[in-house]
Each structure stands twice: as structure tokens, then as C-alpha cells.
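Engineer: Each chain, letter by letter, is given below.
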Amino acid sequence: MGVLELKDVWINFGGIRALAGLSVTLEAGEILGLIGPNGAGKTTVFNLVTGVYRPTQGSITFGGHDLARRRPCDIACLGISRTFQNIRLFQDLSVLDNVRLARHRRAGYSLLEAALRLPARGKGEAKLTADCMALLDLLGLAANAQDRAGSLPYGRQRTLEIARALATEPRVLLLDEPAAGMNSQESADLVGLIRRIHSDWKLSIFLIDHHMDVVMEACGRIVVLDYGEPIAEGTPGEIRANPRVIQAYLGEEVA
Amino acid sequence: MNAYHVQVLTFALINVIMATSLSLINGITGQFSIGHAGFMGIGAYTAGVLTVVYKLGFWPALAAGSLAAALAGLLVGLPTLRLRGDYLAIATLGFGQIINVAIINIPITGGPRGLTGVPAHTTLPLALAGAAMTYVILHNIIHSAHGRAMLAVREDETAAEAMGVDTTRVKVTAFTIGAGLAGLAGGLFAHRLMFLHPSSFDFIKSIDFLVMVVIGGSGNLAGAAGAAVFLTVLNELLRKAVELRMLLYAGLLILTMLLRPKGLFAGGVRRGRA
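So the sequence lines, in the order shown, correspond to chains A and B. Heads up: the first sequence runs through residues 1 to 255, numbered per this note's numbering. Heads up: the second sequence runs through residues 256 to 529, numbered per this note's numbering.
Since the hints were made in silico from the structure, they are not lab data. All C-beta atoms, glycine included, are put in the ideal place defined by N, C-alpha and C. All the pointers check out, no bait thrown in.
Computed beta-carbon distance windows for the label pairs: (1) B:V488 <-> A:A120: 37 to 47 angstroms; (2) B:L510 <-> A:R69: 49 to 59 angstroms; (3) A:S151 <-> B:R500: 33 to 43 angstroms; (4) B:L379 <-> A:W201: 52 to 62 angstroms; (5) B:P334 <-> A:G237: 53 to 63 angstroms; (6) B:P334 <-> A:G63: 32 to 42 angstroms; (7) B:P334 <-> A:R106: 26 to 36 angstroms; (8) A:R117 <-> B:L514: 30 to 40 angstroms; (9) B:L510 <-> A:D66: 54 to 64 angstroms.
Please work from the sequences and hints to get the whole structure.
Structural biologist: Written as C-alpha cells, this is what we have:
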């Protein structure tokens, strides 16, 4: 059964056609890869799903909800969370606060209770902090909890982005190039992490990446985009052998 | 301490309310507002007119002034907080001007001649209680999940939205709370000065409060409070040399930007704590 369904989605930016009739379904519990050359429209797909852009045409549904007209914060609350291609942590806040922020709707106390420091605030804050420390611990970031997010090494910032996305307790996780800038060892660790959170959190994951080894390792199914159009879909093995994909990446063979 | 000292200190504490409440909007939530004196004016005139013209008691008048300013904050915030940066600054500047022109032209406020005969009710202990209450409430909000949502809006709106923060709601909330507290400061101000004039709440006044926030360190509540006292007292000390005052103000601002970009008073950006 599909959790997240995009049907015939088009989007234009002025005269530029960024996506042309994309239909793709993220099945419950799968890890779906989205690849394609630079500028193919991969991040645009994520921005459409999370409500940053509105589709020119087509429908995006998530568990029966139409997402096309919703605001990003409502979509996040429905259970779709994401990371960003160029890391967008709250740089000046602590690692812990980054994660606590993502759970702010689960803090369980009102603004008035916060302002007057009523008991509900203390209880809510203690539970929030404990939950977030447990999450940081699972991702190996507990020791950095008090550090400024912007001071973490690059790879750890990527992990923190994943932790922050998980803190919202999503059903669908969108990972936008999590392996960007990583060496092969770090990429391999990342695949392990993606698999672990996939099984532990029972998530459906939609993954964009340029590292073919990461995508081929982690994903059960892959969709290939080129110039905003889907050109192939299949298992990693099928995609590797698909002549249209090879052509899109390497160019046409001169006869 | 003679009567003059008491007076200066009372105004300093009222300015603490103004600076800290503006800090919630500008420093914590990152919404550049330069119409804060407008909200103070609404609070001052609402409370003043109620006690002078309608013979209402001081406490209900004070509450009404604060509520009127909060309501104005809500109404102004809803449309304008969709704007960012320079555009929001211009919109709030315009709002401040509108309030000023409105006060001058509504007969009941006494217009350009001012509102006289406001009874004296604000004492130094009352101003101190008001400032302390404001400080504690703002401090509690900032160090809560709601305050973190405000900081997230300042840091990165797109990321905040993606984490489920309703950025519009958070901005309007901060703006409304800040405006309501400015209204409280206005009510206290009216019943201390005993005379209200539109020029007490003009654009220059808004800039004064902004300077307090900047010198205190954007997002630093204690800094804003310290700067409010420091600048109010400095202003009084320089009363005999008005020309020098503006020069000193400008110089102080430039020096702060150059030497202490995170504020004259220590800290700066709040770090998270467990």
C-alpha cells in the first residue's frame, strides 16, 4: 500500500519546467531511491512534498490527506520529516536544543504555563529533555548535547539533521543527499545508520543521493529523473543495466 | 535619594519593560520591528483617557491599556509578519506613524496639546514590580519549548517550518506579547509623567528602544534591561548637553557594533541548557 503518492505532478518556475508528469508511490516500509543528473528536479520533489512549493498540476497525497495546498508546518505535523541538501541546522543553538525544538509540539504545556513556570512546564520539559537525550544517545550524539550545532564536524551535523528529523516522530523520512561530502567509509556508516533507523523506527524512507554505492546499497527500488521527467524505475540491478539511465548520466554514444 | 532620582529610576524601569519586550520580538524571534513606541502610546493613551475622561480606577485602566496594545499587536502582526527584513521594518515604522497621527487627530486624546491631569499612581516600587514581572515572564517564555520555537524562527524559517513550527503563529504570538507589555509600560509611564504628548511615542522613541536592544546584545534579555537603565541614566546626565547626547549615542552604537557585536553586556546568544 502506498503511504505517499505523487500523481502526474508538474511544476513550472516561470518558463522553466522543473517537473513534467512525475508519478511515484512510496510504499509503506520501503526505502525508495531518487537519482538523476544535476538539475533533474530531485530536490524539487522533496520541496513539493513538504509544501515549500505548490505543484502547477497533479496531486500529492499522504495517508488520505491532500498535501498540495497545505503549509509546510502542517505537513510536518502529519508525519513527514526531512533533511536538507545544504545542512540547515539551527547553528547557534545547542545540539540538544535542535532536537528539542523538533519536538516542541510534544512538550505538553501551554505558553501560559511556560510564562508562569507552572508545574506542567517542569514536567513537560523534563520528559522532553529525557526523550531527546535518548534519541541523541541512539545516534551517538549524546556526548555533544551541549555543543553548539554549528561547531560539530560536518558528518556529525548530517547525523544531527537526521536526529532532528526523527525527533518529530515521522512516518515518512525524506533524506536529501545525506552522503554529500562524505568519504567512502563515512558513506558506508551512513548506509548502516539508514538501515538501522529504517528497521527501528518502522519508517518509509525516500532517499536522494549522488553516491551510487549508497543508493544501490540502501534502496530496494529506485526512480530515475532526467530533466524533470521520470525515465526509469526498478530494482538497483535493473537501474544499473538500463540503457536510458546510462545515457542520461554518461551522454549519448557517438555512432 | 531625592525626588528627581526616584523619577529617573522610575523611568529607567519603565524603559526596562520596553527594551525587554522589544527584545522578545527583535532579538529572540528575529522580527525587525521599529514601531514599538506606537504600542507604548496605545497603552499610555488608553489608560490615561480611561482615568482622566472616564474616571476609571488606575488598575483596570492599566490592564485595559495593556490589552489594547496587545490587541493592536495582534491586528498589526497578522498581515505584516508575512513580510521579512526591510519590508517588515517599513511596515512597523508606518504603523508607529499612524498611531502618532491618530493620537494627534482624535479629540479625546487632547490632540497636539496633549492630555493633562493624569493622576499620579506609578511609584518606584510599582515600576520595579512591573519590570521584574516582565523580566521573569519573558525569561520563562524564552527558556521553554515556546521560546525555542521563537529562536528557531530567527535562525532559519524554512527549517523551522519543516520541523512543524507554525512560524506565522509564533511570530504573531511574540509580537502580541511584546506589544501587550509595551502597553503596560505605557500605562505606567502615563501615570508617572501625569501628562501625555504624542511626541513621547514617536519614531525617535522607537529607535531609542531599538538602540537599547542592540547595545544590550540582540537576544540577550538581561543585556537589554541593563542597557535600558544605562541609557536612561546617561540621557539624564547629558541633559545639559543635548547636542553632545546625540553624538554620544551614535558613537556608542558604532563602537558596540565594532567592538562588541553581541552586545555591551557579556553573553550574547543564548546557549541551550539541559
